[in-house]
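Peer 1: Make the full structure from the sequences, and use the hints.
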Amino acid sequence: NAGVTQTPKFRVLKTGQSMTLLCAQDMNHEYMYWYRQDPGMGLRLIHYSVGEGTTAKGEVPDGYNVSRLKKQNFLLGLESAAPSQTSVYFCASRRTSGRGNEQFFGPGTRLTVL
Amino acid sequence: AQSVTQPDIHITVSEGASLELRCNYSYGATPYLFWYVQSPGQGLQLLLKYFSGDTLVQGIKGFEAEFKRSQSSFNLRKPSVHWSDAAEYFCAVSGGGSNYKLTFGKGTLLTVNP
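Top to bottom, those sequences are chains S and U. One rule links them: number in our numbering = place in the first sequence (from 1) + 10. One rule links them: number in our numbering = place in the second sequence (from 1) + 1.
Careful, some of the hints might be misleading.
[Said to hold, decoys possible] The list that follows gives simulated cross-link-like pairs (lysine to any residue, SDA-like), each with its CA atoms no further than 25 Å apart:
1. S:K81 with S:G63
2. U:K107 with S:G73
3. U:K62 with S:G73
4. S:K81 with S:T30
5. S:K67 with U:A2
Treat the hints as calculated values from the structure; they're not laboratory data. The model shown is predicted, which means the values in this text are computed figures rather than measured ones.
Peer 2: What follows is the structure in structure tokens.
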């Protein structure tokens, strides 16, 4: 099993450009999450999904959109990138039900917006 | 709302010394608590978790943590630190509801001196 994978690993954008980050998991997990990590801020939840076809806002959703068309994939989109979106983005997934189940994380995508 | 505080931003210890990383949480009911480790340039890996039962939990890599409800704490310990333990450590709490969102602390960076 590959676990949680993220594409791409690195990306540089200019202000106003758009892009999509792809997260894929092969563990048949129901729940998927997108976080951003900034120095001194820990991880903050952007959006999440509790199942195929569902999405919901997290703590810092502004400027991002998501889609979960297939159970194994969770896409994060930036329609018009801003320098404030320079960050490291992590995707995670977990099994359904049971508060004790942990989230499994991908390796991250480092995004720079110039 | 749930929250996590990690009071120490950066800790330096000598190899072979003992380690304790502090974590305080705020949550109205019984919390589900996690410690994750992040090596440089990597994603997050689960060290251990607490959700019921024995308040002293054992994790991977020789780490343990103790849940103290009276102090709202979940401190991470290791009796003898190895150079490979140098990393950033995150405490997280999972609250109620059906989305199982994690709220992370801001992290503690551990430096290990030879």
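Peer 1: The structure should be examined with respect to each hint, and the outcome stated for every one.
Peer 2: Each hint tested on the structure:
no. : hint              : in the structure
1   : S:K81 with S:G63  : 8 Å, holds
2   : U:K107 with S:G73 : 22 Å, holds
3   : U:K62 with S:G73  : 39 Å, violated
4   : S:K81 with S:T30  : 17 Å, holds
5   : S:K67 with U:A2   : 16 Å, holds
Violated hint: 3 only; the structure is consistent with all others.
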